[in-house]
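Student: Place chain B on chain A using the hints.
Listed here are the chains, written in short residue letters.
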Amino acid sequence: MSVEPEVPIVQVEEVRENPVLYKIISSDNHVFTISEHAVKLSKTLWDLITNLGLTAENALDNPIPVENVNGKNMETIVQFCERHKYDEEEPEYTNYIREFVLPEWDRQLLSIDNEELFQLILATNYLDIQKLMDYCCRVIGDMAKDKTPEELRIIYGIPTDAEDDALERSASDSPGPSG
Amino acid sequence: MSSVSRTSPTLATLPVDMVKHITDYLDIDSLWNLACTSKVFMEFIQDLKIRTGGYHVDIQKGSYRIELPAEHYCYCNWEEDDDYLIDDLNKDFKDFQSLFPENIDFLRIDPNLVRNFDRFHQECTVLSIGAHPMEYCRFKAETCPTEKLDLLLNNVNFRKGLALNGPKPLVTENKKIFNIDWLLIRNVTWITPEFIRKLKNKIVYLMGTESLTEKDINEYLKDLKSGKIDNRNLQVIGFNTGFGRPRYDREQVLNGLDTTQVLDQTYKVADYDKRIESELFIGTSSANGDIKIFRSFDFNRDDGTKVSVEFMYRTVRVYIWNQDKEQEKEKVTKKRGHAKDTNGPAAKNPYSHHSSPPPNVYNCGVSRYLLPGNIDYLLIDPKIAGKFKNVMDCAILSIVTFRKGLALNGVIPKMWKIWNIDWLQIRNSSIPIPLSMLYNKIINLWDISTITEPQINRYLLDIRDGAIDQPNLSLIQFRKQSGWNSQEILSGLGTVRCQERKIYKLKDFDEKMRMDTFLPFGLDENGIELRDTFDFVRRKDGVKCSVVLLDWVVRVYVWNQMETKKRARGHPEDKDTNDATAKKSCY
Chain A
1 MSVEPEVPIV
11 QVEEVRENPV
21 LYKIISSDNH
31 VFTISEHAVK
41 LSKTLWDLIT
51 NLGLTAENAL
61 DNPIPVENVN
71 GKNMETIVQF
81 CERHKYDEEE
91 PEYTNYIREF
101 VLPEWDRQLL
111 SIDNEELFQL
121 ILATNYLDIQ
131 KLMDYCCRVI
141 GDMAKDKTPE
151 ELRIIYGIPT
161 DAEDDALERS
171 ASDSPGPSG
Chain B
1 MSSVSRTSPT
11 LATLPVDMVK
21 HITDYLDIDS
31 LWNLACTSKV
41 FMEFIQDLKI
51 RTGGYHVDIQ
61 KGSYRIELPA
71 EHYCYCNWEE
81 DDDYLIDDLN
91 KDFKDFQSLF
101 PENIDFLRID
111 PNLVRNFDRF
121 HQECTVLSIG
131 AHPMEYCRFK
141 AETCPTEKLD
151 LLLNNVNFRK
161 GLALNGPKPL
171 VTENKKIFNI
181 DWLLIRNVTW
191 ITPEFIRKLK
201 NKIVYLMGTE
211 SLTEKDINEY
221 LKDLKSGKID
231 NRNLQVIGFN
241 TGFGRPRYDR
251 EQVLNGLDTT
261 QVLDQTYKVA
271 DYDKRIESEL
281 FIGTSSANGD
291 IKIFRSFDFN
301 RDDGTKVSVE
311 FMYRTVRVYI
321 WNQDKEQEKE
331 KVTKKRGHAK
341 DTNGPAAKNP
351 YSHHSSPPPN
361 VYNCGVSRYL
371 LPGNIDYLLI
381 DPKIAGKFKN
391 VMDCAILSIV
401 TFRKGLALNG
411 VIPKMWKIWN
421 IDWLQIRNSS
431 IPIPLSMLYN
441 KIINLWDIST
451 ITEPQINRYL
461 LDIRDGAIDQ
471 PNLSLIQFRK
481 QSGWNSQEIL
491 SGLGTVRCQE
501 RKIYKLKDFD
511 EKMRMDTFLP
521 FGLDENGIEL
531 RDTFDFVRRK
541 DGVKCSVVLL
551 DWVVRVYVWN
561 QMETKKRARG
571 HPEDKDTNDA
581 TAKKSCY
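Taken in order, these protein sequences are the chains called A and B. Every letter in the first sequence is one number past the one before it in the UniProt record's numbering, and letter 29, counting from 1, is 29. Every letter in the second sequence is one number past the one before it in the UniProt record's numbering, and letter 306, counting from 1, is 306.
For reference, chain A alone in the conformation it holds in the complex:
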């Protein structure tokens, strides 16, 4: 039986950088730590960090509250950003948008129920993470493949014309805030 030499295990990412970490608090008070490279994928967060003047020294002492995103979605977002923080900028693929294939890791990450997915896409929109937005749209688009209009109504939560009219009528009949 061989004896393993005692050497410290060093994560590859730690070798690549001595990361500056930031703290984010979700709407339901979950705290997440995210590296500088990862947080840069969110234009909203990075603008906030820049405007608040957070630095490597004071970053962890000043958690950033994000009130529009719950803990579950924030966890997905942080995982996504950490995974893709070193990605090279992708070329515009608008011409081949329908041929673009979602990487398997990301497909697994986004295998969540429809309601969560729609909430995630809203959170992504708020945090302005372009790549995650593209990926979410791809997943939502793929749901429509080979589905009938009736099936699409259920999947996407689309009311029929009659339901829509009825909802609109009841909304207009109900008294307004002042009423």
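By construction, these hints were calculated from the structure, which means they are not laboratory data. Keep in mind that a hint or two might mislead.
In silico SDA-like links for lysine to any residue, alpha-carbon gap of 20 Å or less [claimed, not checked]: (1) B:K215 x B:S226; (2) A:K145 x B:C76; (3) A:K23 x A:K43; (4) B:K20 x A:A59; (5) A:K147 x B:L99; (6) B:K292 x B:R314; (7) A:K147 x A:Q130; (8) A:K147 x B:V40; (9) B:K148 x B:Q60; (10) B:K94 x B:M134; (11) B:K39 x A:I112; (12) B:K215 x B:D249; (13) B:K175 x B:D118; (14) B:K20 x A:F100; (15) B:K20 x A:M133; (16) B:K20 x A:L117; (17) B:K39 x A:A162; (18) A:K147 x B:Q60; (19) B:K39 x A:K40; (20) B:K94 x B:F120; (21) B:K215 x B:K176; (22) A:K145 x B:L99; (23) A:K131 x B:Y73; (24) A:K147 x B:D95; (25) A:K145 x B:D29; (26) A:K145 x B:D118; (27) A:K145 x B:D27; (28) B:K20 x A:S170; (29) A:K147 x B:S30; (30) A:K147 x B:C76.
Computed far set for chain A versus chain B, every beta-carbon distance over 12 Å [claimed, not checked]: (31) N29; (32) E36; (33) K43; (34) L54; (35) A56; (36) E88; (37) T148.
Computed list of chain B residues with no C-beta within reach of chain A, every gap over 10 Å [to be verified]: (38) D24; (39) D29; (40) G54.
Computed from a predicted model, the values in this text were never measured in an experiment. Glycine is no exception: its CB is placed at the ideal position from the N, C-alpha and C atoms.
Tutor: Just chain B now, with coordinates in the frame of chain A:
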């Protein structure tokens, strides 16, 4: 999206920009089904005005197809009853149009629907009636009377092209066919010489021209030359004798036209529209409308416009170089054979029209003093060649006649030291060529009646065995219009057939080489791609030679581009050879 918002998000409650982003990922079927879910989504997708590219619609007896080629989308439907079939097509197409409002680029209608021709009122870019006879081999084809055909032609608004395919002759003299830009007619057994004189189209292709003889085409070309053909639009007209029928006789077609043979030209179709490729209007071409003319017989119309006549198998195709006057102007400033000259060099005038050259032809001294520079290309009529007594230095000297070819005799070769010049081309001659004495780098021997297959074979054997010492040779080509017997040429050479792709780069490539036809078409500073060659090795120095066999050209490329050490054939380190695994040929 929905007019009423809900608490938990759905596609119907997402912001419009996000829904639009999602629709970018939907294919045509999914978009259609999404539009069918509700009025709101139907209007939303209509408002997106999604660009899908034009439609191709094809209706045949029993079925129809609606395609969006740019989206790789195809919708098909089957219906036995002709009336219902046409109703369904109209309804489906209306539905598609409501969501993806694009034009019909291509509409094909089956002549077997002749009884319903009055029900087609579409607008399209190209109208195609019928298809190649082969597609009807299993079906009975209806005869299409002229009055019914005219009804269809009058009802359908086709804007650019018309293809009357058949399978049975579609006979009409409807006025629309004479004015449409692109016209293709198959089975033109009924066409007369008078008919083709009435055409005002830009691109014409007549197939199965049984009724048109060489004499008819010759007379048409003569009328074209003299300006009697009243069609200023005409760019290309082709005549195809039809499958299984003999080819047109070149001599008879060109009789009395004073043509000059020209190689490797590129004809550019003016105002090229990609939709022309939906039918066989211009035969093969590249995507931007450039047509390669490998060999043509050119003459000038009386108004100075060049005309090229190309013979390709059973097709005679006539190109009129009047596409772009601006390009013509630009061309004047270029030298003949300029690499960027897409419209080809101007056809040369037969020298027989000039009894003597202009007086200033010999005296370039003044202009050279004012504009110092070398002469890259000097073109001399043999009739006056004797008067040039070493008065000019030039990179290329071209001596040509346009009627009988170059008549080299015992004096001129000596005078011009042709056997030692770097690049040599001799065309249309009957003098014996001393192949073993050639010390040139590039040699192009073109229609030399004295060169035979056994002679080329002997020459190649001598190169292989070192009996001939031609250290400078990079490329030699033998051309013969009537074609070569390749088996005789390769006999006993022990070549290895190599079908792998390799790039041959010419040592000391000089752009000036392209001013005349020294090089094979496609060989430029980046080299030329060779795919199927018969290779042998020069025994004295191990240099590989690749023989390329085409119908009427034999080319020998010598791979002496770098210092080459003698090594076994197919050595894996040999950078010039990719043929280590080449199989032994039968020669």
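Student: Could you run down the list of hints and mark each one as holding or not?
Tutor: Results for each hint:
no., hint, result
1, B:K215 x B:S226, "holds (16 Å)"
2, A:K145 x B:C76, "holds (19 Å)"
3, A:K23 x A:K43, "holds (16 Å)"
4, B:K20 x A:A59, "violated (37 Å)"
5, A:K147 x B:L99, "holds (18 Å)"
6, B:K292 x B:R314, "holds (17 Å)"
7, A:K147 x A:Q130, "violated (27 Å)"
8, A:K147 x B:V40, "holds (19 Å)"
9, B:K148 x B:Q60, "holds (17 Å)"
10, B:K94 x B:M134, "violated (32 Å)"
11, B:K39 x A:I112, "violated (29 Å)"
12, B:K215 x B:D249, "holds (10 Å)"
13, B:K175 x B:D118, "holds (18 Å)"
14, B:K20 x A:F100, "holds (17 Å)"
15, B:K20 x A:M133, "holds (12 Å)"
16, B:K20 x A:L117, "holds (17 Å)"
17, B:K39 x A:A162, "holds (10 Å)"
18, A:K147 x B:Q60, "violated (29 Å)"
19, B:K39 x A:K40, "violated (41 Å)"
20, B:K94 x B:F120, "holds (14 Å)"
21, B:K215 x B:K176, "violated (28 Å)"
22, A:K145 x B:L99, "holds (18 Å)"
23, A:K131 x B:Y73, "violated (28 Å)"
24, A:K147 x B:D95, "holds (19 Å)"
25, A:K145 x B:D29, "holds (8 Å)"
26, A:K145 x B:D118, "violated (39 Å)"
27, A:K145 x B:D27, "holds (8 Å)"
28, B:K20 x A:S170, "violated (28 Å)"
29, A:K147 x B:S30, "holds (7 Å)"
30, A:K147 x B:C76, "holds (18 Å)"
31, N29, "holds (22 Å)"
32, E36, "holds (28 Å)"
33, K43, "holds (15 Å)"
34, L54, "holds (29 Å)"
35, A56, "holds (35 Å)"
36, E88, "holds (22 Å)"
37, T148, "violated (6 Å)"
38, D24, "violated (5 Å)"
39, D29, "violated (8 Å)"
40, G54, "holds (17 Å)"
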